[in-house]
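One line per chain: the protein sequences are A and B, in this order. Each residue of the first sequence is one higher than the one before, starting from 1 at the first, in the numbering used here. Each residue of the second sequence is one higher than the one before, starting from 1001 at the first, in the numbering used here.
Each hint should be verified, as a subset may be incorrect.
[Claimed, not checked] Straight-line Cα separation of at most 30 Å, DSSO-like style, residue types lysine-lysine; simulated pairs:
hint, chain 1, residue 1, chain 2, residue 2
1, A, K288, A, K250
2, A, K364, B, K1095
3, A, K103, B, K1143
4, B, K1143, A, K364
5, A, K13, B, K1095
6, A, K339, B, K1165
7, B, K1165, A, K103
8, B, K1048, A, K250
9, A, K339, A, K329
10, B, K1004, A, K308
[What the hints assert, rightly or not] One side of the interface only, derived from the structure: several residues of chain A facing chain B at Cβ under 8 Å:
hint, residue
11, Q11
12, R252
13, P253
14, Y254
15, S379
[Unchecked claim] Here are a few chain A residues that face chain B, going by a calculated C-beta distance under 8 Å:
hint, residue
16, H63
17, P298
18, F299
19, E316
20, A340
If you are wondering where the hints come from, they were derived from the structure by calculation, not from laboratory data. Even glycine gets a Cβ: it sits at the ideal position worked out from N, Cα and C.
Take a look at the letters that make up each chain.
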Amino acid sequence: MTQIEEVSIEQFKHLVSARALTGETMLLNMGPQHPSTHGVLRLLLELDGEIIVNCIPDIGYLHTGIEKNMEAKTYQKAEVMTDRLDYMNPMGNNLAYVMAVEKLVDLDVPVRAQGLRVILVELQRIASHLVWLGSVGLDLAAMSMFLYCFRERELILDIFELVSGQRMMTTYFRPGGVWRDVPVEFEKAVRDFLKIFPARIDEYEKLLTKNPLFLDRMLGLGILDSATALSYGVTGPTLRASGVNWDLRKARPYSGYEQYDFNVPVLTEGDTYARYLVHIQEFRESLKIIEQALNKLPFGPVHSENRKFVPPPRSEIGVSMESLIHHFKLWTEGFPAPKASVYSAVESPRGELGLLLEGDGGPKPLRVHLRTPSFDNLSVLSHIVNGHLVADLVAILASIDIVLGDIDR
Amino acid sequence: MDTKLEPIVKIIQEKFSATFEEFRDEVHLFLKPEQIVEALTLLRDEHKFELLSALTAVDYYPQVSPRFHVVYQLTSLAQNLSLQIRVPVNGTSPKVPTATGLYGVANWRERELLDMFGIEFEGHPDPRRILMPEGTEGHPLRKDFPLGYEEPQFTFNFDEIGLQKPHPKE
């Protein structure tokens, strides 16, 4: 049995200033149970009065060993673990995983499935940004923002329930396509959302964008310059708010993103307010993509016909011996993948979500590494909060958009 | 291979007498541990690989030498290129020089590798565990570390299982 040891200052001696050891500055724990750490994150703060001198994030409270678990499952079964990774972005995690598997085994995806994936991932991006916006509002005492954002998020979760049967842990994308075709109500539900949502964004902007109280808490805080951001591997809206135009959907289009016309919002200020503006603009860009993808969505199959990787439909099993064998093999043994490694990355709402997937010739992966954006985005925190007030730390932490499930894995 | 990537790979290959593999348009360069800092410096400063996208490791247990591959996934935003560098290390006392001086992101990622694989990074400024609690024995992502499970507690065996669980000191 492992003994759990007590923590002493000795461990952190090299991370705090000399003044902390004499007691001139104070060491204070913020978290792990603190409402504005967005999960179970502990920040060890060295404070000089109310000013932050050092900030040492301590993570791992939500570590569930997802990578290890995925290595013990077949390629199909490992997918459910990805939903639980970044729980604000299950569709995006599924996409990252199935794209890595498809790249590893060289599997084709029909056009309709690609279109559906884009629509759902963009809806998920909006849902994730809504939670972000709501919790930023909540952290800055704009309680109504939280309620408005969750009202709209509910519409998206209803669409997810419509297509996959689940609101959050969807596992809707499968290697080679999607689980099954969307129901007929899907198009109307998405069109309704497209009709409602632009006015709602204006409403949020009316409440926040020029609100003097909000500006006081956001402007000029936590400035992150582009060189530091790149060195610390920061990606996503946080990087784009620091003046770097890098979006994997534009730079390395996947799943048919090259056919859609959209802009990548980039701002150069790098402060908390710039991050807010980038998120707001991304709402509108995502809506553009969804509308185009829905208009272009062709009819046709939604999964690959390659029976070595995609199970046959139920109706074929009764009449075809081959189908029965394929079904049996896929659900008992799984499909083998070559002894090779691939790295595939998608743009999640938080940044570059990469997957290093290595096969060993058998039906289970040898190594799954999830390069999760929140992990790297959080590592830059201790460089941008120094010199700020504790109250501002809340705004800065909220603005870099972390999800602890994504960090600890 | 991408035409823009080809000369870069050639330079690295000649300078460090490295081998490379290609699979699905991805290039993996194999370097020795003592070469990695020099190679990363060259790639970052001369060839604009400014983003270290991923830093991880793969365990090839029971193979002993090399047991691990430390993987550096580099991205160049300016040229839109990707390059993967792999550093094979032995299983007995795996050591690699740290890249924290070059990429800030290496700090936490190397701590993660120390925690999960027990790979030491020489010269790391803050070599503590990052995800597992201090005092954990073993390195969970190694292949010889068993995938454990916790017995579910029901009313009939609640106390019995509760006794076996680790608890913090009083």
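Hint check results:
Taking the CA atoms of K288 (chain A) and K250 (chain A), the gap is about 14 Å. The hint holds against a cut of 30 Å. Taking the CA atoms of K364 (chain A) and K1095 (chain B), the gap is near 28 Å; set against the 30 Å cutoff, the hint holds. Between K103 (chain A) and K1143 (chain B), the direct Cα distance comes to roughly 25 Å. Compliance with the 30 Å bound is thereby established for this hinted pair. Taking the CA atoms of K1143 (chain B) and K364 (chain A), the gap is near 13 Å; set against the 30 Å cutoff, the hint holds.
Distance hint between K13 (chain A) and K1095 (chain B) is fulfilled; the C-alpha atoms sit about 24 Å from each other, no more than 30 Å. Distance check on the hinted pair: K339 (chain A) and K1165 (chain B) sit about 39 Å apart at the alpha-carbon level, beyond 30 Å; violated. Only pairs whose Cα atoms come within 30 Å are accepted, and K1165 (chain B) paired with K103 (chain A) is rejected, the gap being roughly 42 Å. Between K1048 (chain B) and K250 (chain A) the alpha-carbon distance is near 19 Å, which keeps this suggested pair within the 30 Å criterion.
For the proposed pair K339 (chain A) and K329 (chain A), the alpha carbon gap of about 20 Å is at most 30 Å, so the pair holds. Taken as a hint, the K1004 (chain B) and K308 (chain A) pair is broken in the structure, with Cα atoms around 36 Å apart against an allowance of 30 Å. For Q11 (chain A), the interface hint holds, the least distance from its beta-carbon to any beta-carbon of chain B being 7 Å, beneath 8 Å. This hint holds: R252 (chain A) has a C-beta 7 Å from the nearest C-beta of chain B, less than the 8 Å allowed.
Interface restraint check for P253 (chain A): the shortest CB-CB distance to chain B comes to about 11 Å, outside 8 Å, so the restraint is violated. For Y254 (chain A), the shortest C-beta to C-beta distance to chain B is roughly 13 Å, which exceeds 8 Å, and the interface hint is violated. A cut of 8 Å between beta carbons decides the hint on S379 (chain A): the least distance to chain B is about 4 Å, and the hint holds. Restraint check, H63 (chain A) versus chain B: the minimum CB separation of about 5 Å is within 8 Å; hint holds.
Among the interface hints, the one on P298 (chain A) is violated; its C-beta lies about 27 Å from the nearest C-beta in chain B, farther than the 8 Å criterion. Interface restraint check for F299 (chain A): the shortest CB-CB distance to chain B comes to about 30 Å, outside 8 Å, so the restraint is violated. At a threshold of 8 Å, the smallest CB-CB gap from E316 (chain A) to chain B is about 31 Å, leaving the interface hint violated. At a threshold of 8 Å, the smallest CB-CB gap from A340 (chain A) to chain B is about 5 Å, leaving the interface hint in force.
The structure is inconsistent with the numbered hints 6, 7, 10, 13, 14, 17, 18 and 19, although it conforms to all the rest.
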